[in-house]
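Each residue of the sequence shown is one higher than the last, beginning at 0 in numbering that gives the first Met the number 0.
Hints listed in this document are in silico derivations from the structure and should not be mistaken for laboratory results.
It cannot be assumed that every hint is accurate.
Derived lysine to aspartate or glutamate pairs resembling DMTMM-like cross-links, with alpha carbons at most 20 Å apart [to be verified]:
(1) Lys403 x Glu370
(2) Lys636 x Glu670
(3) Lys636 x Glu733
(4) Lys259 x Glu318
(5) Lys289 x Glu318
(6) Lys507 x Asp518
(7) Lys289 x Asp242
(8) Lys417 x Glu347
(9) Lys324 x Glu395
(10) Lys186 x Glu176
(11) Lys403 x Glu445
(12) Lys202 x Glu176
(13) Lys702 x Glu733
(14) Lys453 x Glu395
(15) Lys289 x Glu314
(16) Lys417 x Glu427
(17) Lys477 x Glu347
(18) Lys202 x Asp346
(19) Lys324 x Asp187
(20) Lys473 x Glu318
(21) Lys507 x Asp548
(22) Lys499 x Asp516
(23) Lys641 x Asp631
(24) Lys307 x Glu318
(25) Lys428 x Glu438
(26) Lys410 x Asp430
(27) Lys428 x Asp450
(28) Lys259 x Asp215
(29) Lys290 x Glu303
(30) Lys202 x Asp430
(31) Lys248 x Glu297
(32) Lys434 x Asp450
(33) Lys64 x Glu46
(34) Lys651 x Glu575
(35) Lys248 x Asp169
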Amino acid sequence: MKKWIIVVVFSALCTLLVSLVEVDVNLERQIIYIDGAEPVLADRVSESDQFVFYETDGKSGMFMKADVTSVGSVQVTKKTALLTILDQTRQQIMADLGFNTKIIRATDPRLIVFLVILAVASGFLKLILMLAASAKKMAPQPSSDDALPSAADQPRKFIEEGKESSDLRDIAMFFLELYKLQNGLKKDAAARFSMTPASATSKMKVFELGVKGNNDWLTRRMSVGPLGEDTGSKSKCFYVIYDTHMVVKIPPVPVTDMVKYVRDIRREVQIAAHLSPVACIVPMVSVVLKKVKKLPYESSLTQEQLEKQYIRLVEEKPEYQEYLKIGNRFAFFMELTNNFFLARVIDELHASKNKTGDEIREVPDVAWDQEAFTTRYGLASLPVFEGLQTLYRNCEAEAGRIIKASRQGVKVHPFQIKNWFLTCIAGEKIDRNEKGIGEALIAQIEAGFSDVFKANQNNVDGLVQLLRAHLETKTFMKSRQQIENIASNTLQLLCRLREKRIALRDLKPDNLFLDADPDNYPVFLQNAADFSIGVIDVETAISLIPTRDGSISQPLLGGTPLYATPLHLLKNRSIESHFGPLTEALYLEDWFATIAIIFKAITGRNLFPRAARSFPGILKILKSSPSRSDPDRATVKAMSQKFWSAAATDMKTHLSSFSNVLNQLTLSVPEAMAPAIRAELKRENECIQLAIRKHVALSPLFKSEKNREFLLAASSDTLIKQVNRWKNPAHLPEQHRQVAPKMVAFLNNLYRLKEGGSEKRRAISAFADPPHHVTAYSLLEAMFQIVFQGMYKSRWKAIPKSAGESARQAAVKEDRSMVTTILNGS
């Protein structure tokens, strides 16, 4: 009985809540323009010979037709009580069912809502009770050792659903108010905004803004979209195009105090000044206020003087503070002028990789010519060509069957079927305006081709993989010099940060831009001296120069998972306690991010996806510590092991997958980094020599010390000859044939290790005299090792190796990457 009383009370409370809630409703309303009078909004409009009738909110009216200049429509957003919407729906349904008008009007909508909620709640409760009773009968009783998961163990939802849409709406409304002001209109002037349908599914949303002027509606457009990832711990940034390009930053904790707001801006301006000549884009109140109020002699003021004048204005006249708020809290505005985001440039450099349609259209005849196909894609592509022919023959037959079954007498030329086939292979739609062929028939052919592709998925996948591999090579060769210059200049930025004793702590492509002549883009990318890497937003940055009391200020915790380490979650005292000198640890955070940025620039892919996915688990470990603000050694060790196990796997996997590209690129190492990289390469070479000795010593294939000495001294060419000899068992003595496969595997592993050692020695020789040029492979691996050694303490021992892997297997891992050292403790 108690349960049902709760259900009734719950239903009554829900009904009360429904009656209080108001929602935004987008309505298309009719607008009647009256000669010499204000326009009238109406729900419905009808006309007779002499009158124009209208209905608004249930009330009717009319105008003389001679007084009406025109009737149009407009999209409006209106706050409407949810109960009103439900009541209108109820009345419509009851009217459709044939109820009397008096009965319809006499029925209280709140009663209907209450009864509906009561029925649903009752049914839901009954279902829960039935399921609970059933589960109790069927489920075995848990033992006392079984632990129920706590609320803390459940995945946490960091971002409120719909929050991003709410921020976009708030930003659009902010600029709508600014648009009113720019047109000299009052705050209560009629206004509207709506998202264009074409941008609804894209990252950048386009909003149509409208304000009611003296005589007519004034309209313009603006664009806004999220910038980077929402980490929950730092400000959310949005890229906005309104008159100029800008970044709008909304702090995670609302800033409502003007003093704190100005202090935060001044702090970032000071860091930017300290970083000079590194170009920085930081928040300034003048970005928005110069659109609101022009200052006297503005053109003669420097940017710094202008900013001081506008800060003084908002401090002396609080009414101007409202133009710096979005959704009742202060926002930060940064002007981009004509700069290019590094993220955008990287995307453009790699954009053609997935454009298989362009590749197919560029050389359509190659698809039917075996010689031309293998010339373009290599002899190894012959099986793909044969699969392509099988696909086409099946599609040709399917098209013929569909056309014949249509009985439309349509004549289709073979070249048309080929064009349709290539269009569908490219993942595109066939043109519906084919002369003499109906849309319905084209749709049937398209569906038939799709069925053929599904039935021959292996052939389709083989073709797509071939085209993408070809496009990757083609794109790389085209943009190789540009990528090398971006990577080299990113290293220069890293060195400049150390020189200026600043740790940015949130380095990523979205926070960097290219400082160069925008009219010379992308030509300036061909010469590293024609551009530099600048910084957007220094919210998480910290000066590594000690304050008067000898300490370093506590920076904002948190970062972007793809470019962050566990140290981003720890306070200064914890970092110093567990990792040693604070300045070095904070600086290594930027090293780690730089490794990921350079890899992204080279390949267009993220380097540390597994490591990024490990952060929820790392946060869970941190929260389980007795003190989250000062975690103990066991907690920090567990956090580090979880992260670096994932990061090392990422590094190893991606170095292997992209070794060809990474070894073709040569990067210029700044002189300031040279000693650290050279020392690390020497250490890695020593580790490889040790691994070679272990590999030979631990192998059970050799009994003679003479054979072991021969293998240790053997050159790579000698090893290749030995591999080829052991691959032909027929030429081997009978007693050697059984061990031939093991011997081939052993020799291949030894060859890889020796090649790795040769590569390290070549890289070391590059540091004899400047300039220092090394492969991207060697540089990224060395940088990763340096960061790992600084952030994963040797006293914690090696990261656990894969389950079931023996010491000998670990020592002879088929990988020349030094990341194996991390995984196996070699």
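Hints and how they fare:
1. Lys403 x Glu370: Answer violated: lysine 403 to glutamate 370 is near 34 Å, above 20 Å.
2. Lys636 x Glu670: Violated. Lysine 636 to glutamate 670 sits at ~34 Å, over the 20 Å cutoff.
3. Lys636 x Glu733: violated (53 Å)
4. Lys259 x Glu318: At roughly 17 Å apart (the allowed maximum being 20 Å), glutamate 318 and lysine 259 satisfy the hint.
5. Lys289 x Glu318: holds (15 Å)
6. Lys507 x Asp518: violated (25 Å)
7. Lys289 x Asp242: holds (12 Å)
8. Lys417 x Glu347: violated (31 Å)
9. Lys324 x Glu395: Violated, because 62 Å separates the two Cα atoms, which is more than 20 Å.
10. Lys186 x Glu176: Status holds; Cα separation ~7 Å.
11. Lys403 x Glu445: Between lysine 403 and glutamate 445 the Cα gap is close to 15 Å, so the pair holds against 20 Å.
12. Lys202 x Glu176: violated (23 Å)
13. Lys702 x Glu733: holds (18 Å)
14. Lys453 x Glu395: holds (15 Å)
15. Lys289 x Glu314: holds (15 Å)
16. Lys417 x Glu427: holds (14 Å)
17. Lys477 x Glu347: holds (12 Å)
18. Lys202 x Asp346: holds (14 Å)
19. Lys324 x Asp187: Measuring from Cα to Cα gives roughly 18 Å; hence the hint holds.
20. Lys473 x Glu318: violated (57 Å)
21. Lys507 x Asp548: Violated, at about 32 Å.
22. Lys499 x Asp516: violated (25 Å)
23. Lys641 x Asp631: Holds. Lysine 641 to aspartate 631 sits at ~16 Å (cutoff 20 Å).
24. Lys307 x Glu318: Satisfied, since the Cα-Cα distance of roughly 17 Å is no more than 20 Å.
25. Lys428 x Glu438: holds (12 Å)
26. Lys410 x Asp430: Status holds; Cα separation ~17 Å.
27. Lys428 x Asp450: Holds, at about 15 Å.
28. Lys259 x Asp215: violated (42 Å)
29. Lys290 x Glu303: holds (17 Å)
30. Lys202 x Asp430: Violated. Lysine 202 to aspartate 430 sits at ~27 Å, over the 20 Å cutoff.
31. Lys248 x Glu297: violated (26 Å)
32. Lys434 x Asp450: violated (25 Å)
33. Lys64 x Glu46: holds (8 Å)
34. Lys651 x Glu575: violated (29 Å)
35. Lys248 x Asp169: Satisfied, since the Cα-Cα distance of roughly 12 Å is no more than 20 Å.
Violated hints for the displayed structure, listed by number in ascending order: 1, 2, 3, 6, 8, 9, 12, 20, 21, 22, 28, 30, 31, 32, 34.
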